[in-house]
Amino acid sequence: MTDRIEKTIELKAPVSRVWRALTDHREFGSWFRVRLEGPFVPGQVSRGQITYPGYEQYRWEAVVQKMEPERLFSFTWHPHAKDQSHDYSGEEPTLVEFTLEKTATGTLLRVVESGFDRIPAKRRDEALRMNDTGWGMQMQNIEQHVRQAAA
Amino acid sequence: MSGRRRLSASSGGARASALKARAFVFAALGDATRLSVLARLSAGEPQSISRLTLGTDLTRQAVTKHLRVLEGAGVVRSVRSGRENLFALEPRRIDEVRDYLDEVSRQWDDALARLRAHVEE
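Order-wise, the sequence lines are chains Y and P. Take 116 as the starting number for the first sequence in my numbering and just add one per residue. Take 54 as the starting number for the second sequence in my numbering and just add one per residue.
So that you can see chain P by itself, here it is in the shape it has in the complex:
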């Protein structure tokens, strides 16, 4: 099963960077505040830092910092709108990570089915 996890990657470098990218998504999402920021963006409409700060007990600096982490992980992108910087959700990366975990999960199902056949025979 272990071999099959690498199906989608074409080269060692691509594999390694895909692995890092995935780890960054997991790490970026592993924080309640960042998830709440993402949740506010999940309506789809790009939003400014001011708007994302509104109604929270976070400072503008804190929101900015979290947005940069999310941006670094590729789950948020910034869009220029006139003189303002807006932030928008980038769901593709999250989908990729979910697909990866689904694949790992399927491979364990296969391996455990073979284990069952092995011990119950």
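In isolation and in its complexed conformation, chain Y is listed as follows:
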């Protein structure tokens, strides 16, 4: 267990093709299942409506961070926050980064979603601010501990 999700997938398609599928808002929408209102622009909010069957009532909202052609596409979002009556602006989003790399057969795509350990700034206190150790390993340790404790 860790504070980030990391996925790597090898795609049999050229980098340029994968880049388009990620950054053309219509293409992104078709596989991610969201109807976006407009193109992705770094620094700007991207809005839309989820089209995943059964979840059409949910809104999509993200802020595009980086678009480095055929290399890096990233955005921040509140993946758990789609209640339209609630103001999530004070809460920390997670960061999603797509990184592309050319391979002999196509494209190596890496997706990292991070920032699950962030908490609303107003609720941070001195003790929690000490959260600075690389702790992916530690979570594994504690998971082990907990599992042993349960066994």
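Any given hint could turn out to be false.
The following residues of chain P were derived to be distant from chain Y, with all beta-carbon distances above 12 angstroms [said to hold, decoys possible]:
| id | residue |
| --- | --- |
| 1 | I102 |
| 2 | G108 |
| 3 | T109 |
| 4 | G135 |
| 5 | E137 |
| 6 | S158 |
Derived contacts from chain Y toward chain P, CB cut-off under 7 angstroms, selection only [as the list claims (entries may be wrong)]:
| id | residue |
| --- | --- |
| 7 | K122 |
| 8 | L126 |
| 9 | A128 |
| 10 | R132 |
| 11 | F147 |
| 12 | F231 |
Hint data in this document are derived by calculation from the structure and do not stem from the laboratory. Remember, predicted model here, so these are calculated numbers, not experimental data. In this text, a Cβ means the ideal position worked out from N, Cα and C, and glycines have one as well.
Starting from the known structure of chain Y, arrange chain P on it as the hints suggest.
Leaving out everything else, chain P in the frame of chain Y:
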């Protein structure tokens, strides 16, 4: 996929507080000293602050402070035993956070499978 992460929550307020609670667990566990305190509690038996301090180079005050953070995040609870305050591990919250990450992970797997179908067709 993004819609499905909210399955378990019933209302906006519950969702928001679940999100905060999760963030607190992550933040509380993101410290080596607190993890070492948790590790000492992971045997299952409630322990006193004195016992948790024993054999470490931490002061009693430091251990107390870390226990309060862990308690605030819901991963430790205090139990009264006579005149002593004991602390015990509360693994349920850690399990919840792990389940949540597992769910996020599964949703990315699904989304990437759809991306593959999209670009390889």
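Do the hints match the structure? See the list:
1. Interface exclusion of P:I102 from chain Y stands, the closest Cβ pair being 16 angstroms apart, more than 12 angstroms.
2. Every Cβ of chain Y is farther than 12 angstroms from the Cβ of P:G108; the closest lies at roughly 17 angstroms, confirming the non-interface assignment.
3. Separation of P:T109 from chain Y is adequate, the least Cβ-Cβ distance of about 16 angstroms exceeding the 12 angstroms criterion.
4. Even its closest Cβ contact with chain Y, about 24 angstroms, leaves P:G135 beyond 12 angstroms, as expected for a residue assigned away from the interface.
5. Distance check for P:E137 against chain Y: the nearest CB is about 21 angstroms away, which clears 12 angstroms, and the non-interface claim stands.
6. The Cβ of P:S158 sits about 5 angstroms from the closest Cβ of chain Y, inside the 12 angstroms cut-off, so the non-interface label is violated.
7. Given the 7 angstroms rule on beta carbons, the hint for Y:K122 holds: about 5 angstroms separates it from the nearest Cβ of chain P.
8. For the restraint placing Y:L126 at the interface with chain P, the shortest Cβ-Cβ distance is roughly 6 angstroms, inside the 7 angstroms limit, so the hint holds.
9. For Y:A128, the suggested interface contact is upheld, since its CB lies about 4 angstroms from the closest CB of chain P, less than 7 angstroms.
10. Taking 7 angstroms as the C-beta contact cut-off toward chain P, the hint placing Y:R132 at the interface holds, the least distance being around 5 angstroms.
11. Contact between Y:F147 and chain P, as hinted, is supported at the beta carbon level, the nearest pair being about 6 angstroms apart and thus within 7 angstroms.
12. For Y:F231, the shortest C-beta to C-beta distance to chain P is roughly 5 angstroms, which falls under 7 angstroms, so the interface hint holds.
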